[in-house]
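Please construct the entire structure, taking both the sequences and the accompanying hints into account.
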Amino acid sequence: MCEVQTEDLRDTVRRLRSFNHGVSHDLRGPLGALSGITRLAMHAIERSDTARAMQLLSTTALQTDALCGLVMALLAVAEGDRLPEERLDLREVVVEAIEHLALVGTAPLPHIRVAPLFFVRGSRVLLRQVFVNLLGNALKFTRERAVPVVEVDLGAPGTVVVRDNGIGFDASAACGLFEPFQRLHDAAHPGMGIGLSLVKRIVERHGGRVWAESAPGQGACFHFTLPAAE
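Numbers 1 to 230, taken from my numbering, label the letters of the sequence shown in order.
Mixed in with the good hints, there may be bad ones.
Label-pair distances were calculated between CB atoms; the ranges are [said to hold, decoys possible]:
1) 218 - 51: 44 to 50 Å
2) 89 - 46: 17 to 23 Å
3) 108 - 179: 28 to 34 Å
4) 82 - 38: 40 to 46 Å
As a list, the in silico SDA-like pairs of lysine to any residue whose alpha-carbon atoms are at most 25 Å apart [unchecked claim]:
5) 140 - 215
6) 140 - 213
7) 140 - 102
8) 140 - 82
9) 200 - 153
10) 140 - 121
11) 140 - 95
12) 200 - 99
13) 200 - 86
14) 200 - 179
15) 140 - 218
16) 200 - 101
17) 200 - 146
18) 140 - 230
19) 140 - 209
20) 140 - 171
21) 200 - 161
22) 200 - 215
23) 140 - 159
24) 200 - 82
25) 140 - 157
26) 200 - 59
27) 140 - 227
28) 200 - 155
29) 140 - 119
30) 140 - 101
31) 200 - 85
32) 200 - 83
33) 200 - 139
34) 140 - 98
35) 200 - 212
36) 200 - 230
37) 200 - 211
38) 140 - 155
What the hints contain is simulated information worked out from the structure, not anything from laboratory work.
Note that CB positions come from ideal geometry on N, CA and C, so glycine has one too.
This is the structure we're talking about:
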(Lines of atoms letter the chains of each structure in order from A and count residues from 1; the text may use other names and numbers.)
(Lines give C-alpha, C1' and ligand atoms only; values in the text may rest on other atoms or scores of the structure.)
Protein backbone atom coordinates (compact mmCIF):
# COMPACT_ATOMS: atom_id res chain seq x y z
CA MET A 1 0.00 0.00 0.00
CA CYS A 2 2.79 2.43 0.95
CA GLU A 3 4.59 1.71 -2.33
CA VAL A 4 1.42 2.46 -4.31
CA GLN A 5 0.86 5.72 -2.42
CA THR A 6 4.50 6.72 -2.93
CA GLU A 7 4.26 6.09 -6.67
CA ASP A 8 0.98 8.05 -6.84
CA LEU A 9 2.68 10.93 -5.05
CA ARG A 10 5.62 10.81 -7.46
CA ASP A 11 3.21 10.84 -10.39
CA THR A 12 1.43 13.87 -8.93
CA VAL A 13 4.74 15.69 -8.47
CA ARG A 14 5.73 14.86 -12.07
CA ARG A 15 2.43 16.18 -13.39
CA LEU A 16 2.69 19.37 -11.33
CA ARG A 17 6.26 19.89 -12.50
CA SER A 18 5.16 19.38 -16.09
CA PHE A 19 2.30 21.83 -15.65
CA ASN A 20 4.53 24.49 -14.10
CA HIS A 21 7.04 24.20 -16.91
CA GLY A 22 4.21 24.22 -19.44
CA VAL A 23 2.75 27.45 -18.11
CA SER A 24 6.21 29.04 -18.15
CA HIS A 25 6.71 27.83 -21.73
CA ASP A 26 3.42 29.21 -23.01
CA LEU A 27 3.66 32.55 -21.19
CA ARG A 28 7.26 33.39 -22.04
CA GLY A 29 6.57 34.51 -25.63
CA PRO A 30 3.44 36.60 -24.91
CA LEU A 31 5.07 38.30 -21.90
CA GLY A 32 8.08 39.21 -24.01
CA ALA A 33 5.77 40.66 -26.66
CA LEU A 34 3.89 42.69 -24.03
CA SER A 35 7.17 44.11 -22.79
CA GLY A 36 8.11 45.11 -26.32
CA ILE A 37 4.74 46.72 -27.04
CA THR A 38 4.87 48.65 -23.76
CA ARG A 39 8.30 50.03 -24.65
CA LEU A 40 7.01 51.10 -28.07
CA ALA A 41 4.12 52.88 -26.34
CA MET A 42 6.58 54.69 -24.07
CA HIS A 43 8.59 55.84 -27.09
CA ALA A 44 5.38 57.05 -28.75
CA ILE A 45 4.51 59.07 -25.64
CA GLU A 46 8.00 60.61 -25.66
CA ARG A 47 7.35 61.71 -29.26
CA SER A 48 3.90 63.06 -28.26
CA ASP A 49 2.33 60.55 -30.67
CA THR A 50 -0.77 60.04 -28.55
CA ALA A 51 -2.74 58.13 -31.19
CA ARG A 52 0.03 55.55 -31.65
CA ALA A 53 0.52 55.23 -27.89
CA MET A 54 -3.20 54.60 -27.35
CA GLN A 55 -3.23 51.97 -30.10
CA LEU A 56 -0.29 50.14 -28.53
CA LEU A 57 -1.73 50.36 -25.01
CA SER A 58 -5.05 49.01 -26.30
CA THR A 59 -3.18 46.03 -27.78
CA THR A 60 -1.41 45.54 -24.45
CA ALA A 61 -4.72 45.51 -22.57
CA LEU A 62 -6.25 42.96 -24.95
CA GLN A 63 -3.21 40.68 -24.76
CA THR A 64 -3.13 40.93 -20.96
CA ASP A 65 -6.78 39.86 -20.80
CA ALA A 66 -5.99 36.96 -23.15
CA LEU A 67 -3.08 35.86 -20.95
CA CYS A 68 -5.27 35.92 -17.84
CA GLY A 69 -7.80 33.75 -19.65
CA LEU A 70 -5.07 31.32 -20.70
CA VAL A 71 -3.74 30.98 -17.15
CA MET A 72 -7.23 30.31 -15.78
CA ALA A 73 -7.92 27.75 -18.50
CA LEU A 74 -4.61 25.96 -17.92
CA LEU A 75 -5.37 25.81 -14.21
CA ALA A 76 -8.73 24.22 -15.03
CA VAL A 77 -6.91 21.58 -17.09
CA ALA A 78 -4.39 20.91 -14.30
CA GLU A 79 -7.02 20.62 -11.58
CA GLY A 80 -9.50 18.59 -13.60
CA ASP A 81 -12.17 21.29 -13.42
CA ARG A 82 -14.94 21.55 -15.97
CA LEU A 83 -13.74 23.56 -18.96
CA PRO A 84 -15.70 26.56 -20.25
CA GLU A 85 -17.41 25.58 -23.49
CA GLU A 86 -18.74 27.42 -26.50
CA ARG A 87 -19.51 26.51 -30.10
CA LEU A 88 -16.40 27.28 -32.14
CA ASP A 89 -15.48 27.38 -35.81
CA LEU A 90 -12.02 25.79 -35.67
CA ARG A 91 -10.84 27.76 -38.69
CA GLU A 92 -11.48 31.01 -36.81
CA VAL A 93 -9.49 29.63 -33.86
CA VAL A 94 -6.56 28.86 -36.20
CA VAL A 95 -6.64 32.41 -37.58
CA GLU A 96 -6.52 33.77 -34.01
CA ALA A 97 -3.50 31.54 -33.29
CA ILE A 98 -1.71 32.85 -36.39
CA GLU A 99 -2.40 36.44 -35.34
CA HIS A 100 -0.96 35.65 -31.91
CA LEU A 101 2.19 34.12 -33.43
CA ALA A 102 2.63 37.18 -35.64
CA LEU A 103 2.39 39.42 -32.57
CA VAL A 104 4.93 37.55 -30.43
CA GLY A 105 7.34 36.60 -33.23
CA THR A 106 10.52 38.43 -34.16
CA ALA A 107 10.22 37.83 -37.92
CA PRO A 108 7.36 37.97 -40.46
CA LEU A 109 5.43 34.72 -40.73
CA PRO A 110 5.40 32.77 -43.98
CA HIS A 111 2.00 32.15 -45.54
CA ILE A 112 0.08 29.50 -43.60
CA ARG A 113 -2.66 27.82 -45.61
CA VAL A 114 -5.78 27.11 -43.57
CA ALA A 115 -8.52 24.93 -45.06
CA PRO A 116 -12.16 25.08 -43.97
CA LEU A 117 -12.50 22.93 -40.85
CA PHE A 118 -15.50 22.10 -38.64
CA PHE A 119 -17.35 23.28 -35.54
CA VAL A 120 -16.60 21.97 -32.06
CA ARG A 121 -17.66 22.70 -28.50
CA GLY A 122 -14.76 23.63 -26.25
CA SER A 123 -12.53 26.25 -24.70
CA ARG A 124 -11.50 28.88 -27.25
CA VAL A 125 -8.38 29.90 -25.33
CA LEU A 126 -7.15 26.31 -24.87
CA LEU A 127 -7.82 25.19 -28.44
CA ARG A 128 -6.12 28.35 -29.68
CA GLN A 129 -3.10 27.31 -27.59
CA VAL A 130 -3.10 23.90 -29.28
CA PHE A 131 -2.70 25.61 -32.65
CA VAL A 132 -0.18 28.13 -31.28
CA ASN A 133 2.02 25.26 -30.09
CA LEU A 134 1.64 23.08 -33.19
CA LEU A 135 2.10 25.95 -35.65
CA GLY A 136 4.95 27.36 -33.57
CA ASN A 137 6.73 24.00 -33.87
CA ALA A 138 6.09 23.85 -37.61
CA LEU A 139 7.46 27.37 -38.12
CA LYS A 140 10.55 26.58 -36.04
CA PHE A 141 11.44 23.48 -38.04
CA THR A 142 10.74 25.00 -41.50
CA ARG A 143 12.90 28.07 -40.84
CA GLU A 144 15.79 26.70 -42.91
CA ARG A 145 13.64 25.87 -45.94
CA ALA A 146 13.85 28.18 -48.97
CA VAL A 147 10.07 27.98 -49.27
CA PRO A 148 8.50 27.04 -45.91
CA VAL A 149 5.20 25.17 -46.21
CA VAL A 150 2.85 25.10 -43.22
CA GLU A 151 -0.74 23.95 -43.65
CA VAL A 152 -3.76 23.29 -41.46
CA ASP A 153 -6.04 20.83 -43.20
CA LEU A 154 -9.01 18.56 -42.67
CA GLY A 155 -8.15 14.88 -42.40
CA ALA A 156 -10.64 12.10 -41.72
CA PRO A 157 -13.99 13.25 -40.24
CA GLY A 158 -13.37 15.10 -36.98
CA THR A 159 -9.60 15.21 -37.57
CA VAL A 160 -7.33 18.22 -38.00
CA VAL A 161 -3.91 17.91 -39.64
CA VAL A 162 -1.06 20.40 -39.15
CA ARG A 163 1.49 19.69 -41.87
CA ASP A 164 4.91 21.18 -42.67
CA ASN A 165 7.91 20.61 -44.95
CA GLY A 166 10.47 20.97 -42.15
CA ILE A 167 13.32 18.75 -41.04
CA GLY A 168 11.05 15.99 -39.75
CA PHE A 169 12.00 13.30 -37.25
CA ASP A 170 12.37 9.54 -36.95
CA ALA A 171 8.92 7.96 -36.77
CA SER A 172 10.12 5.54 -34.09
CA ALA A 173 10.32 8.49 -31.68
CA ALA A 174 6.72 9.59 -32.27
CA CYS A 175 5.27 7.69 -29.30
CA GLY A 176 7.28 9.63 -26.72
CA LEU A 177 6.95 12.95 -28.49
CA PHE A 178 4.02 14.11 -26.35
CA GLU A 179 5.66 13.32 -23.01
CA PRO A 180 7.05 16.25 -20.99
CA PHE A 181 10.68 17.26 -21.63
CA GLN A 182 11.09 15.02 -24.68
CA ARG A 183 13.16 16.70 -27.40
CA LEU A 184 14.09 15.21 -30.77
CA HIS A 185 16.49 17.86 -32.03
CA ASP A 186 19.72 19.54 -30.97
CA ALA A 187 20.39 23.00 -29.58
CA ALA A 188 20.13 24.51 -33.07
CA HIS A 189 16.36 24.17 -32.58
CA PRO A 190 15.76 25.43 -29.04
CA GLY A 191 12.92 24.22 -26.86
CA MET A 192 12.12 22.50 -23.58
CA GLY A 193 9.95 19.66 -24.88
CA ILE A 194 6.88 21.06 -23.15
CA GLY A 195 4.57 22.43 -25.85
CA LEU A 196 3.48 19.10 -27.30
CA SER A 197 2.75 17.59 -23.88
CA LEU A 198 0.32 20.46 -23.28
CA VAL A 199 -1.24 19.88 -26.70
CA LYS A 200 -1.90 16.26 -25.74
CA ARG A 201 -3.37 17.21 -22.38
CA ILE A 202 -5.68 19.86 -23.84
CA VAL A 203 -6.87 17.66 -26.72
CA GLU A 204 -7.59 14.75 -24.37
CA ARG A 205 -9.55 17.03 -22.03
CA HIS A 206 -11.72 17.86 -25.04
CA GLY A 207 -12.37 14.17 -25.72
CA GLY A 208 -9.87 13.77 -28.56
CA ARG A 209 -6.48 12.22 -29.21
CA VAL A 210 -3.29 13.37 -30.92
CA TRP A 211 -0.52 11.61 -32.85
CA ALA A 212 2.30 12.45 -35.24
CA GLU A 213 3.80 11.05 -38.45
CA SER A 214 7.15 11.98 -39.97
CA ALA A 215 10.45 10.92 -41.50
CA PRO A 216 13.82 12.68 -41.35
CA GLY A 217 14.00 15.44 -43.96
CA GLN A 218 10.39 14.91 -45.07
CA GLY A 219 8.44 17.25 -42.82
CA ALA A 220 5.92 16.31 -40.16
CA CYS A 221 2.18 15.79 -39.84
CA PHE A 222 0.44 16.26 -36.51
CA HIS A 223 -3.11 14.89 -36.34
CA PHE A 224 -5.67 15.41 -33.62
CA THR A 225 -9.32 14.55 -33.27
CA LEU A 226 -12.12 16.50 -31.62
CA PRO A 227 -15.81 15.66 -31.33
CA ALA A 228 -17.68 17.76 -33.90
CA ALA A 229 -20.45 20.03 -32.61
CA GLU A 230 -23.97 19.40 -33.84
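>> Run through the hints listed earlier and report the numbers of any the structure violates, in increasing order.
In response: Per hint list: 2, 4, 8, 10, 17, 18, 25, 26, 27 and 29 violated.
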